[in-house]
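Visitor: Could you build all of it, start to finish, from the sequences and the hints given here?
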Amino acid sequence: MLTGTATIDDLPAGTVPTWDIEPVTLDGFEIVQALFELRTAGRQSVLPPALHPTNPPTLVVQVWRCAGSPWGPFELAQVRVQCRSGLRPRGFVIGAVVDNEAAGSGLAAGWGFAPTLGEVRLRRYYDETTAEVDLDGHPVLRLAGADPDPLGPHDVGYSSTLNLAHTPNGLRLVQLDLEVDADRVERLRPAIGAFDAAGWGNDLLDPWYPVSASIAVGRATLPPVRYCCRPDVLAFEGTETVVV
Amino acid sequence: MKFGIFFEMSTPRPFTGGIERQVYDNALEQARLADELGFDTVWAVEHHFLEEYSHCSAPEVVLAAIAGQTSRIRVGHGAVVCVPEMNHPIRVAERAAVLDIISGGRLELGTARSSTWTELGGFEADPDETKKTWDEYVRVLPKLWGPGPVSHQGHAFSMPERNVLPKPLQDPHPPLWVTVTSPGTELDAADRGLGCLGVAAAGYDEQERRTKEYHRRIQQCDPVSSVVNDQVTTLNFLYCHEDPAVAAKRGMGMVGLFGLANSHLLWTREAYPTRAYQSLGNLSPGARSGSGSPGEKYGIPEGIVVGDPDLVYKAIERWESVGVDGVNFLVNALEVLPQDQVLDSMRLFAAEVMPRFQKGA
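Taken in sequence, the protein lines are chains A and B.
Converting from the first sequence to the numbering used here requires adding 1068 to each position, the first position being numbered 1.
Converting from the second sequence to the numbering used here requires adding 21 to each position, the first position being numbered 1.
Since the hints were made in silico from the structure, they are not lab data.
Among the hints, erroneous ones may be present.
To be verified - Label-pair distances were calculated between CB atoms; the ranges are:
(1) A:G1261 - B:P359: 49 to 55 Å
(2) B:H109 - A:D1274: 30 to 36 Å
(3) A:R1107 - B:D149: 25 to 31 Å
(4) B:E373 - A:T1086: 57 to 63 Å
(5) A:D1077 - B:E57: 55 to 61 Å
(6) A:V1311 - B:E57: 52 to 58 Å
(7) A:D1077 - B:R377: 57 to 63 Å
Note that CB positions come from ideal geometry on N, CA and C, so glycine has one too.
Guide: This is the structure in structure tokens:
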């Protein structure tokens, strides 16, 4: 079985100081998810040894736009590599950008994100949806999803998120099981206009083959973390149930 | 109760040094032994690009070899993917007819639509279309095997009047099956008068509910041809050993490894939001998904056929009691069991378990 070969010390890590947090509700929530195939050659090198690549390897861009949160309105963009932790589908976060410092701090402390402060713009139109991310005025993502096609609220799924973070248990992969309650879902035809792999923290990423995109509109909940995993051993051995 | 063996041709890395040759040679030997021992059917899947999990992309070639090396056992093409980018329906009809002829009328033909993006994406097939094209294929195949020329104007394909040759040996054609992974597909099978080829084992209660509904529904079917195949089979693992502890250790090693290989596939529903794939359609008995603990190991599926002959008998007896007509077994996975252990397991099963299911036993 293939497993990740990334050097853990080279991967960016957030900090979760305590597991004792309350769930957070995100109102006026929009989530864009776009999936691209990656080239096979680097599929193991972007993942820590705990995780398995999918066949084919895939990169997922996930962009959130939230009108109401404890931290005020915010937009967050994540670049994730789809993978398996044990038998489970997961998205390992390579890099994230947020436009609201308080939201960035909250997402970091609760769920281990390590977002960079930047500009994130998710815009939904009747003919297309666009997502743009800039860091220091430099575009690191230009994503468009055209030809919206209505789907049912349960026709799109979101794999749980894994963030590498320093936690009360040590350096761990922190699992976020985002709960999305969608009123409206549309499938989109994805196109990527700009993708600065180095800007996202790993220049091996090459999202060369567009597969799908979607947008869901509704609300979401960030529940307290239930599981974390050691990044250096397989999930069967390294999974820990979070105890508050 | 009918018993079959089921080949995925799962292959451990690295894919060099003749490992694929070994996998295929071992499978052919298992098929010959199954023929001698009285197994009813040997099935070969069709999968593409599924590294480790399945290297069985040309099952019609495998089954031709098996047909030539056996004399009695039926050969199951299980299942041909009914997606035009992978298999043109005329070629499906032609290949099936030839297999039926050279096997002396021993062909069973399964139909499927693929559940992974790994495969559909590799052929640039549209996941929204696969249920539609499958439906067209299963209705048109019996016509293509009919006695004279036929024309067709359809969604998946069209053809002017031609005589598709040769014709199958079995009259009117080989039994038709549908692989059932997603809940509800058993009803599609019933409505069309097709056999239910289970490839993702449900638990006893779920299987009983599905089987009852299938048999109720098939009474009112509008069959795709003049014959109805009303059989239900399920997929399982088989490892039988006199010592139940040895059986459990070796057998569950096989089960766990196969489950892990299965989990690495990229499911269509995961990659491509669509109403056409309402479940992951996992290709493994008892597979897990979702947001639970990643530390959860591959569970022992209810009714797993691993154990000493008595345990194995009891598990199959329970499957029989819920209305299943046959069980198809994976007898190895990724060569984790040495070939002599696989063959010994099959021999023990045939000697100690199969006779108890013979009519009148």
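Visitor: Given the hint of 57 to 63 Å, is the C-beta distance from E373 (chain B) to T1086 (chain A) inside that range or not?
Guide: 58 Å Cβ-Cβ, so the 57 to 63 Å window holds.
Visitor: Holds or violated: the 57 to 63 Å window for the beta-carbon distance between D1077 (chain A) and R377 (chain B)?
Guide: 59 Å, holds
Visitor: Can you let me know if the beta-carbon spacing of D1077 (chain A) and E57 (chain B) is within 55 to 61 Å?
Guide: 58 Å, holds
Visitor: Does the Cβ pair H109 (chain B), D1274 (chain A) satisfy 30 to 36 Å?
Guide: 34 Å, holds
Visitor: Within 49 to 55 Å: is that where the Cβ-Cβ distance between G1261 (chain A) and P359 (chain B) falls?
Guide: 54 Å, holds
Visitor: Confirm or reject the claim that V1311 (chain A) and E57 (chain B) have a C-beta distance inside 52 to 58 Å.
Guide: The hint (52 to 58 Å, Cβ to Cβ) holds, given that V1311 (chain A) and E57 (chain B) are roughly 57 Å apart.
Visitor: Could one say that the CB atoms of R1107 (chain A) and D149 (chain B) fall in the range 25 to 31 Å?
Guide: 26 Å, holds
The structure fails none of the hints (numbered hints given earlier).
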